[in-house]
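Student: Sequence:
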Amino acid sequence: MKRLRFSKSRRERLKRAARILGWTAFAAGALFFLMKSDAVHRTAEGFLSPRPETFPLEKPGIPPAFAPKRPEILPRTKAAKMAIILDDWGNNFSLLKDAVSIQRPLTVAILPHLPQSRRIAEEARRRGLGVMLHIPMEPFGAGQPLEPHTIFRTMPDDKIVQYLEEALRSVPYVEGVNNHQGSAATTDPRVMRTVLGYLKRRGLFFVDSHVISKTVGPRIAAEVGIDFAERDVFIDNQAEKEAIKQSLRKAKVLVKRKGEVIVIGHDKKPTLQAIKEMIPELEKEGVQLVLVRELVKGAHGKS
37 MKRLRFSKSR RERLKRAARI LGWTAFAAGA LFFLMKSDAV HRTAEGFLSP RPETFPLEKP
97 GIPPAFAPKR PEILPRTKAA KMAIILDDWG NNFSLLKDAV SIQRPLTVAI LPHLPQSRRI
157 AEEARRRGLG VMLHIPMEPF GAGQPLEPHT IFRTMPDDKI VQYLEEALRS VPYVEGVNNH
217 QGSAATTDPR VMRTVLGYLK RRGLFFVDSH VISKTVGPRI AAEVGIDFAE RDVFIDNQAE
277 KEAIKQSLRK AKVLVKRKGE VIVIGHDKKP TLQAIKEMIP ELEKEGVQLV LVRELVKGAH
337 GKS
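Going by my numbering, the sequence shown opens with residue 37, and the numbers climb by one from there.
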C-alpha cells in the first residue's frame with residue numbers, strides 16, 4: 037500500500053488542529069468536573085458563578101492583596117456589673133416571691149429581731165439570693181423611728197459587740213452587713229472601729245450605705261483590713277415605679293463609666309416591679325446583675 041504523502045504546510049495544519057482538539061477536550065472535562073463539584077453553583081438566573089468564599093473579599097469582585105485570614109476570636113468584653121441590695125426585710129415574707137421571680141442575682145438585707153427575719157433569710161438562701169444583715173445604727177435628728185437593738189454612739193464597745201452577736205443569731209446565712217440609718221454612728225471612728233473589727237473577725241464584709249458624706253467607713257475599713265464597699269445609688273427615694281426606673285437608668289450610665297456599681301432599694305412592690313421591667317434594657321446595654329459579694333473589695337484591693 038502506498039503511504040499518503042502530505043505537504044509540509046498541510047502537516048503543520050493537522051498538528052495544530054490536533055492540539056486544539058486536545059485542549060478543547062481537556063477544557064470540557066474540567067468544566068464537567070467543576071459542575072459536579074462544590075466549586076461552582078448556579079445563581080438564581082441559572083448562570084454559573086464561583087461558590088462564595090467563607091470569608092468575603094475586600095471589595096466585591098476584586099481579590100484581596102493578601103489571602104483572607106480567619107477572623108480572630110476576641111475575648112468577651114468585660115460586662116458592666118451592677119449589684120442591687122434590697123433593704124429592710126423582716127416583716128414581709130410574702131413579698132420575697134416577687135424578688136425571686138426577677139430570676140436575677142439580688143441581695144436582701146434583713147433587719148434583725150423581726151417576726152420574719154429568720155424565715156426570709158432561710159428562703160432567700162434556698163432560692164440563691166444573697167443574704168446580708170441590715171444592722172440598725174444611730175441617725176442624726178431627734179424623733180426618727182428607731183428599730184430595736186439600734187447601735188448608739190453612747191454604747192461601750194462590749195455592748196456594741198453584744199448587739200452584733202445577737203443580731204447575727206437572729207439572721208442566719210449572713211455573708212455581709214450594711215447599716216440601717218446610721219448617719220451619726222458611721223461618723224464615729226470608735227463605733228465604726230468596733231463594728232468593723234468584729235465583723236472582720238467573723239469573716240464578714242461591710243457595705244457602707246453612705247447615708248452621710250462624712251462617714252468614716254472607708255478610712256476605718258482600710259485601717260481594719262475588712263472586705264468593704266460603698267453604696268453608689270439609692271434607687272427608690274421616690275417610691276413611684278417610673279421614678280425608680282429613671283434612677284436605674286442613672287445607675288446604668290454610671291456603671292458604664294465605672295465598670296461596677298452598688299445600688300440600694302427597699303422591699304417594696306414598686307421597686308421590685310421597676311427592677312423586673314428594667315432587666316431587658318439593662319442587659320441589652322451590657323449591664324450584668326451580680327450579687328453584692330462579687331463587688332466587695334478585699335482590704336481595698338481587687339474584688
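Some hints here could point you the wrong way.
[What the hints assert, rightly or not] In silico DSS-like pairs for lysine-lysine, Cα to Cα no more than 30 Å straight-line:
#, residue 1, residue 2
1, K277, K236
2, K236, K294
3, K304, K281
4, K133, K320
5, K292, K117
[To be verified] Cβ-Cβ distance ranges computed for the label pairs, FRET-style:
#, residue 1, residue 2, range
6, E202, K320, 38 to 46 Å
7, S130, P184, 19 to 27 Å
8, F176, E266, 15 to 23 Å
9, I315, P192, 40 to 48 Å
10, P225, S130, 37 to 45 Å
11, R238, P316, 21 to 29 Å
Rather than coming from a laboratory, the hints here were simulated on the basis of the structure. For glycine and all other residues, C-beta sits at the position ideal for the given N, C-alpha and C.
Student: Hint by hint, say whether it matches the structure.
Tutor: Hint check results:
1. K277 <-> K236: Status violated; Cα separation ~37 Å.
2. K236 <-> K294: Cα-Cα ~27 Å, so holds.
3. K304 <-> K281: holds (14 Å)
4. K133 <-> K320: This hinted pair holds, its Cα atoms lying about 25 Å apart.
5. K292 <-> K117: holds (9 Å)
6. E202 <-> K320: 38 to 46 Å: At 45 Å between Cβs, range holds.
7. S130 <-> P184: 19 to 27 Å: holds (22 Å)
8. F176 <-> E266: 15 to 23 Å: Holds, since F176 and E266 (Cβ atoms, about 19 Å apart) stay within the stated range.
9. I315 <-> P192: 40 to 48 Å: Hint holds: Cβ distance 46 Å, inside 40 to 48 Å.
10. P225 <-> S130: 37 to 45 Å: holds (41 Å)
11. R238 <-> P316: 21 to 29 Å: Hint violated: Cβ distance 39 Å, outside 21 to 29 Å.
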